[in-house]
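Peer 1: Keeping the supplied structure of chain A fixed, place chains B, C and D upon it in accordance with the hints.
What follows is the residue order along each chain.
Protein chains: 4
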Amino acid sequence: MTVEMDAQALEGFLAEAFPQVAGDFRIEEVEAERLVVRLITQGKHLRPGGTVSGPSMFALADVGIYLAVLARLGPVALAVTTNCSIDFMRKPEAGKDLIAEARLLKLGRVLAVGDVLIRSEGSDKVVARASLTYSIPPAGS
Amino acid sequence: MTVEMDAQALEGFLAEAFPQVAGDFRIEEVEAERLVVRLITQGKHLRPGGTVSGPSMFALADVGIYLAVLARLGPVALAVTTNCSIDFMRKPEAGKDLIAEARLLKLGRVLAVGDVLIRSEGSDKVVARASLTYSIPPAGS
Amino acid sequence: MTVEMDAQALEGFLAEAFPQVAGDFRIEEVEAERLVVRLITQGKHLRPGGTVSGPSMFALADVGIYLAVLARLGPVALAVTTNCSIDFMRKPEAGKDLIAEARLLKLGRVLAVGDVLIRSEGSDKVVARASLTYSIPPAGS
Amino acid sequence: MTVEMDAQALEGFLAEAFPQVAGDFRIEEVEAERLVVRLITQGKHLRPGGTVSGPSMFALADVGIYLAVLARLGPVALAVTTNCSIDFMRKPEAGKDLIAEARLLKLGRVLAVGDVLIRSEGSDKVVARASLTYSIPPAGS
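As given, the protein sequences belong to chains A, B, C and D, one line each in that order.
Per our numbering, residue 1 is the first one in the first sequence, and the count goes up by one each step.
Per our numbering, residue 1 is the first one in the second sequence, and the count goes up by one each step.
Per our numbering, residue 1 is the first one in the third sequence, and the count goes up by one each step.
Per our numbering, residue 1 is the first one in the fourth sequence, and the count goes up by one each step.
Wrong hints could be hidden among the right ones.
Identical copies look the same in the list; a pair holds intra-copy or inter-copy alike.
Computed cross-link-like contacts, DSS-like style, restricted to lysine-lysine with a CA-CA straight-line distance of at most 25 Å [as the list claims (entries may be wrong)]: (1) Lys106 x Lys44; (2) Lys96 x Lys125; (3) Lys44 x Lys96.
Derived by calculation from the structure, the hints in this document are not laboratory data.
Excised from the complex, chain A in its bound form:
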């Protein structure tokens, strides 16, 4: 199991393919079955009270597994999320970035499955947990 794209290559790909959101994320670690990505929390991600919104946490979990798949397969812009189950367990700390630790559990020919733990920076409490399935387009499509 080799990594086809490192953090820099992944960030370059994100900037080109998803320019609207690429600046929200910073990739911290890339391994064959594990990837850590940070949400650089900004005003647009917040709800009243300063806590990060649910959709922003969903987006972070989603990008985490997407990047973990890309890291292994190389640039496959067309991989699409088919399912996400997410549990919101604690309120994120106000004014902190969120750190998502993504784990690739299966990388099949057709489907990839992974899960994600999200924590506020500097805390070991899990704020949210998600599992996601990605559908991988046939090679050459």
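Peer 2: Only chains B, C and D this time, still in chain A's reference frame:
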């Protein structure tokens, strides 16, 4: 089972409690166990190719059940999502609003559960399906 | 959209392919995008107190979508569940069969997605709600 | 965080509260936030081809989090599953027990959340992954 807040009351509440996103949504129908809400699709919701992003569909499903709970309980700003499972089944049509039909399946003392079907306006194909659980704060909290 | 197998054909298939469990289920209605199946509740399905166990409700939801897929595709014994999200909302009534109403939301080339509402016979309260994804083997495999 | 019940106490509780299924499971490890439980695979758990059925894997994941909650709270027979999301990723190996590793991510006053990885004995490939939410009855009820 009576409706405590109608479409106008719900939109007023949303505008006050969530000013950042209230303008994205328009409430179309409110019944005791069913609510229809529209995502007024804008540039910020789109991915390359003009299709609505996953996080935007998550946000729409989330607000759909939130509003369905509020419609029954009255303004309970503190109700929080504890779980969402969402299936993305088809690509939304470019340039169309999304219409979410939320169904309240349980409104208990502690938890509310509902599901949502999302379609592109004018189409009967289901683009995404979600189920959500909300935790309801104890009265007086 | 035509139905390839009716209730009798589906029950015959189940009896042959899954003899251990086929007797637990009776198919009540078959349409192109909707199927109703009954769990004939027996001692082995019960928990103390006489309520149907979670795994038995999971099995009922699972067979509901499986049969809804078969009804459309004909006998595809190899279709496999890849994901299930299930919400348990109320205690089933003791001593009653369970009725599952399955709805096929997508029948693609590779994946099928549907959801299921489970009620105790004679009640309109939803006991459990599930959504399932099935992976469909390529034709000829 | 202390463990209130060890493996022996948990097995004793299971035998008394759930005599129909207690013999299917053997508890291997108990820690404050982690529990390992084995499904002693028998004919009743199998599908044609000798692979463990989906409902049996659901039951294993479900009991894993239930026991992890009990280990911390002591005997709370009334804790009930409110949600499970499960991904089936690979076929279990025929003729092998299944080993479930449960992880408690949140143990709140009202809800507990955990996830589970299931593997065939002696393999490091994940066969299934599940996340579950349990509702905890108020003390004294």
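Peer 1: Each hint needs a verdict: does it hold in this structure or not?
Peer 2: So, going through the hints one by one against the coordinates:
1. Neither within a single protomer nor between protomers do Lys106 and Lys44 lie at most 25 Å apart by alpha-carbon distance, with minima of 33 Å and 28 Å respectively.
2. In this assembly of identical chains, the alpha carbons of Lys96 and Lys125 lie at most 25 Å apart only when taken from the same copy (13 Å versus 35 Å across copies).
3. Taking CA atoms no more than 25 Å apart as the test, Lys44 paired with Lys96 passes in both settings, with 14 Å inside one copy and 23 Å between copies.
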